[in-house]
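Q: So the protein lines, in turn, are chains A and B. Quick note on the numbering used here: the first sequence kicks off at 1 and runs consecutively. Quick note on the numbering used here: the second sequence kicks off at 1 and runs consecutively.
Take these hints with a grain of salt, some might be off.
With a cut-off of at most 20 Å between alpha-carbon atoms, the simulated EDC-like pairs for lysine to aspartate or glutamate come out as follows [said to hold, decoys possible]: (1) B:36 - B:47; (2) A:224 - A:214; (3) B:38 - A:101; (4) B:124 - A:344; (5) A:68 - A:308; (6) A:352 - B:102; (7) B:57 - A:344; (8) A:68 - A:101; (9) A:224 - A:308; (10) B:85 - A:278; (11) B:120 - B:93; (12) B:33 - A:219; (13) B:120 - A:308; (14) A:224 - B:86; (15) B:36 - A:109; (16) B:38 - A:344; (17) B:57 - A:348; (18) B:120 - A:344; (19) B:85 - A:348; (20) A:352 - B:47.
It should be emphasised that the hints constitute simulated quantities derived from the structure, not laboratory data.
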Amino acid sequence: MFVPSVTNPIGDFVRDMVPRITEFLPASFQSDTLNSVVAFLVNALICIIAVCAVNIGSAPILIYMERKVCAHVQCRLGPMRLGWHGTLQTIADVIKMLFKEVYAPSGADKLMFYLAPLIVLIAPFIVCALIPFSRSLVVADVSMGIPLIIAVNGFGVLGILLGGWSSNNKYSLLGALRSGAQMISYEISFAMILLFVVMISGSTNLMSITLGQEGTIFDWWIFKIPVLGFIAFILFFISSTAEMNRAPFDIAEAEQELTGGYHTEYNGTPFAMFYLAEYIALITNSALATTCFLGGFLPPCIGIEFVDNYLNMVPGVIWFFAKVYFMIWCYMMVRWTFVRPRVDQLMDFEWKFLLPVNLVLLTAGAIYMVIV
Amino acid sequence: MSEYIILSIFLFLGAFIAAAATVTGLVLGYRTKNTKNKMAPYECGMETIGNARIQFKVGYYLFALLFLVFDIEALFLFPVMTYFKEIISGHTDLSPAIVIIDLAIFMAILVSGLAYAWKKGILKWE
């Protein structure tokens, strides 16, 4: 019989504690199987609460941050009224969203219409479970980390296509199709860049990819392979921006052409779910960039022992989130700086520029590894 | 195996949160009477002409086919690339030269596929 066991590093504490608690049960109930199953369930619960806190807790912060960044880029103040510098604005918006009417337009495929936000939200949650937040904080430390992330990322497209098709609206359908074409196109370069990372680190497990960058700041994959690492990072940045449907690649919801894109007909909480998925995807993609290129939870040591001792004193989680929020800030600045390309330019850019460059990069990386 | 059970819990977690939010919205939400104008799909002030589920151009389908080819080829490269470092340093039974030649042939096929699609004009978006 298969007995689930606690395998992730968070579970050490749980694994020790559970036998002490089950001691108080009648002797006939006590067994190693019970201990193992209880420890597994408790550990799963802790993981779920932790990831929910990170995901759902970060979304309001990110929305506030985005509004502030956007406002300051455009020389405005942004939300200022509610709370100190408008900090409570997002919470008020969420409460307002809860009390909005939820309905499907006439002619919509009701089942598919309500199913779409569910599917969209699945992908970022699974990716978040795979990311190592610190040396001892990873929910599922699987050996097939990177291929799994590529597989799961493709899920979001299904939800978007479903949402657009079921709405019985031409704008929604066009938005969904464009978005689908864009996301699957950029998924290839996304996969190719991760392939490059796998090649230089020699592992598909995200924890060992991070630990492979141990040492100084120059051991991070972005700097370790001269020039190529930096090019790979930039290409990853571009293709993940397109993957997330964020501006400047927000063809799917180009307001001037398609009103709201695939979620034109959504309102109330289902709409909020699309929004939430978008922001969780922002976190997971930044976390992936941090893990694969910026050394994950490792501190930015510079090789001088005196300074490094102080840097090592800061916990890994803090370094991780500092890097993640730096990446998120970069994504936001790009969003409010660049103009949107046309849909044909976007597809040309992927297939005629990004993909050949990716193939060249992969070959150059292989040659570099053979020579060095 | 246990990791994958946790991952499958997360699969349902995302769906559960979205479902819970939708139900909350349905329960708490302010309701108005379902009039014809309210339920009409959004359009610029007029009724939608014809069916909204229109036929769309074949270009999307061709891109999806190309995506399938390239994504599967990328997946095929994963096992090789994972052990690439070990292979070229000679820690395995495989001969590094043969593996590199194999990879070169594989990449050449990949590139020629892209070149063919390019020449055929599939990549042209109209």
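Q: Residue 57 of chain B and residue 348 of chain A were given as a pair; does the straight-line alpha-carbon distance stay at or below 20 Å?
A: Holds, at about 17 Å.
Q: Regarding the pair residue 224 of chain A and residue 214 of chain A, is the alpha-carbon distance no greater than 20 Å?
A: holds, 11 Å
Q: Holds or violated: residue 57 of chain B and residue 344 of chain A, Cα atoms, limit 20 Å.
A: holds, 14 Å
Q: Given the hint that residue 85 of chain B pairs with residue 348 of chain A, does the C-alpha gap stay at or below 20 Å?
A: violated, 34 Å
Q: Taking only the CA atoms, is the gap from residue 352 of chain A to residue 102 of chain B under or equal to 20 Å?
A: Cα-Cα ~25 Å, so violated.
Q: Straight-line Cα separation of residue 38 of chain B and residue 101 of chain A no greater than 20 Å?
A: Given that 20 Å is the threshold and the Cα spacing comes to 12 Å, the pair holds.
Q: Run the distance test for residue 352 of chain A versus residue 47 of chain B: straight-line Cα separation, threshold 20 Å.
A: violated, 40 Å
Q: Run the distance test for residue 85 of chain B versus residue 278 of chain A: straight-line Cα separation, threshold 20 Å.
A: violated, 36 Å
Q: Measure nothing beyond the straight line between the CA atoms of residue 124 of chain B and residue 344 of chain A; if it is 20 Å or shorter, mark the hint as holding.
A: holds, 8 Å
Q: Would the hint linking residue 36 of chain B and residue 47 of chain B be met if the CA-CA limit is 20 Å?
A: Answer holds: residue 36 of chain B to residue 47 of chain B is near 11 Å, not above 20 Å.
Q: Are the Cα atoms of residue 68 of chain A and residue 101 of chain A separated by 20 Å or less?
A: Status violated; Cα separation ~28 Å.
Q: Given the hinted pair residue 36 of chain B and residue 109 of chain A, is their alpha-carbon gap at most 20 Å?
A: Holds, at about 17 Å.
Hint compliance for this structure: hints 5, 6, 8, 10, 11, 12, 13, 16, 19 and 20 are not met, and every other hint is.
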